[in-house]
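S.K.: So the sequences go chain by chain: A and Y. The letter at position 120 of the first sequence is residue 120 when you use my numbering, and the numbering goes up by one with no holes. The letter at position 453 of the second sequence is residue 453 when you use my numbering, and the numbering goes up by one with no holes.
Possibly wrong hints are sitting among the right ones.
Claimed, not checked - So the derived label-pair ranges between C-beta atoms look like this:
#1 Ala210(Y) - Val90(A): 45 to 51 Å
#2 Asp494(Y) - Leu115(A): 23 to 29 Å
#3 Ile86(A) - Thr440(Y): 52 to 58 Å
#4 Val207(Y) - Ser87(A): 42 to 48 Å
As the list claims (entries may be wrong) - To give an idea of the chain A side of the interface with chain Y (calculated C-beta under 7 Å), a few residues:
#5 Val9
#6 Gly32
#7 Pro36
#8 Glu37
#9 Thr48
#10 Trp58
#11 Tyr66
#12 His73
In case anyone wonders, no lab produced these hints; they're calculated from the structure. Where is the CB? At the ideal position from N, CA and C, for every residue including glycine.
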Amino acid sequence: MGIWDVIGVCSYALSFSLFESLLVWLFFLILGGVLPEKLYRSRFVVITTVVVFISAIWAAFAQLNYDVVYDWHIVEALPWLAAYFISIAVFYGLVRQFERFAKLIYKVVMGISVLATLYVSSGVIGVVIVIIRNL
Amino acid sequence: MKVNRRDFLKFTSLLPVIASQWPLFLESNRSSGGSKTSPNILVILFDALSARNASIYGYQRATTPNLERFASRAIVYHNYYSPGNFTTSSTASLLTGTYPWTHRAIQMLGSIAPGVVPNNLFRLFGGKGYTRLGYSHNLLATELLHQFSEDMEIFKFPRELSLDENQFSDRIFSKDYSVAFLGEKLMLPLETTPPASLFLALISGWVQTAKKRKIFEEYKDRYPEGVPDQYRHYYLLETAIDWVIDLTIKLPQPYLAYVHLLPPHEPYWPRKEFTNWFQDDWKPLRKPRSFFSQGYSQKSLNQSRNEYDDYIANVDAEFGRLYASMEKSGVLENTMIIFTSDHGELFERGIRGHLTDALYQPILQVPLLISMPGQRQREDVYVNTSGVDLLPTLLHVAGIAAPELCEGKVLPPFSRTNDANDRSIFSLEAKQNPKMAPLTNASVSLIKGDYKLIHYLGYDDDVPEYELFDLANDPEELSDRIKASKGVAQELQDILQAKLKEVNQRYL
């Protein structure tokens, strides 16, 4: 595999990740539009960050056990889904209850926004490369 | 010759007739290539079929009765060796006539080095009027065929014969399929490693499992153990054979068709009537554990072997159906049929399957039967031959000169110059070796005459540097003769080292 192909594989992965991130972002955007302002939109960035972060941890945990998780029937998944939603609810409660906690998360988000810019840029470059490769 | 007015008028009266038939003439000329004597060529490859488990080559169980029937009008090669021990490397050798150290498709899902791509079977048959078709169930071979897709009139992706379409790279990014597939494999659950995507992979995994359950449920009467799959493509062998039967009749002639079918590759899930086909007390010879042992017990290996043998019987029955159809339709009269495999399987020494660094006989010795158009007699060939020989042989039959890069030789009896058994036949396993680098982490075997030398490079201390077997007196490779036959060992070591030096030279 030549260097252009290696770049190609990375580009597909980056494009896919960007697409996935956009879907997640879109989901929360719609959620923000649907849910009452007091419940969600007033702390959109902080709550979204918390939910995405916790979901990512659970998803990573599931992927590490993918050979078991993919074979689950809904009944087997229920306790884990319950645990997931409980963890979300706990952190949601913490954000709503403790102003300092919310501010801390907001500060962290602002701090790593530079990385997010890099991530989005590299994703866009990936998309461009994928387009070029398929012309 | 003088043309008078009357002749001229006669000729002009024929013009409308000629004009009306012209498109038909063009069409027939395109499809027949103007060469009515060119035979059709059908290469049918069954993945992972070891000659050691085929009764046509003396296996204790009657696994291949239909192949034996086919052999009555074919050339049967008894010592035909695969140049690699898994699909990518061996199929690349078969299609380019070069050893893995030349084509460099040595890793899983690897591709052929750009310099070797023009040496492919399909391109070499270009301009000869052949309709060229390439299809593989196995995605590893598809990867290679895709590299040659511009040299074929018909290239098909595995999904053509799959019960489900779980891939997107072949549909959305067909132009850049090879690289896109690697990207997809990285992100989504297609094999036994965790995917990189967090959320979509999880959803995809659940959707795929639901689909799998649905397919298994739908076909459980025919396939009680499950429908065989690779990378979540589910295949029914009988459907594939029906498709091949159709091809042999409908493809514009002459054609060159390469069809690579997954069975009897793992998972060994035959159709219901072949499950537990061999319920006997026969026990294979017990062999000592290899330094490459994967820890399987003899009992577990025997069980896998039973399932594999059942599956071969299933494959054989389906091939028998294809053969009967070709007999009936008269296809055998104008078609050269090549029956072969890319590599074998091991059920011994603690090793199961073919994903191993070992190069013992059951993994390298594969069937090769060639039936020429209208052939009525069986012919047996016992000289050592290799997968790299198929390409020059097909070119020879079609009257095309073999390219310089080709490392194979025209098979006997097509050429009598290759009758001697003192030729060097190589096989290579180098999945861990960097692609474009000297071979420093590999297993290489050399078969010459009755002897086989295996050289292990870059392994741990518990792996010997060499093993030597006397295949004539010890076909099961039970006794390492590296110390007992020093003269032969030295001679073969010298040949092997010289070859390695030669092939490594390009990368130093």
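S.K.: Evaluate each hint against the coordinates.
M.R.: Consistency of the hints with the structure:
Between alanine 210(Y) and valine 90(A), the C-beta spacing of about 31 Å breaks the proposed range 45 to 51 Å. For the hinted restraint 23 to 29 Å between aspartate 494(Y) and leucine 115(A), the CB-CB distance of approximately 58 Å leaves it violated. Taken as a hint, the range 52 to 58 Å holds for the pair isoleucine 86(A) and threonine 440(Y), whose Cβ atoms sit roughly 54 Å apart. At about 25 Å, the beta-carbon gap between valine 207(Y) and serine 87(A) misses the expected band of 42 to 48 Å.
For valine 9(A), the interface hint holds, since its Cβ comes within 7 Å of a Cβ in chain Y; the closest pair sits about 5 Å apart. A least Cβ separation of about 18 Å between glycine 32(A) and chain Y goes past the 7 Å threshold, and the interface hint is therefore violated. A cut of 7 Å between beta carbons decides the hint on proline 36(A): the least distance to chain Y is about 26 Å, and the hint is violated. The restraint placing glutamate 37(A) at the interface with chain Y is violated, with a minimum CB-CB distance near 26 Å, outside the 7 Å limit.
The beta carbon of threonine 48(A) is not positioned within 7 Å of any beta carbon in chain Y (closest approach about 14 Å), and the interface hint is therefore violated. For tryptophan 58(A), the interface hint is violated, since its Cβ never comes within 7 Å of a Cβ in chain Y; the closest pair sits about 9 Å apart. For tyrosine 66(A), the suggested interface contact is upheld, since its CB lies about 5 Å from the closest CB of chain Y, less than 7 Å. The beta carbon of histidine 73(A) comes no nearer than 9 Å to any beta carbon in chain Y, farther than 7 Å, and the hint placing it at the interface is violated.
The structure is inconsistent with the numbered hints 1, 2, 4, 6, 7, 8, 9, 10, 12, although it conforms to all the rest.
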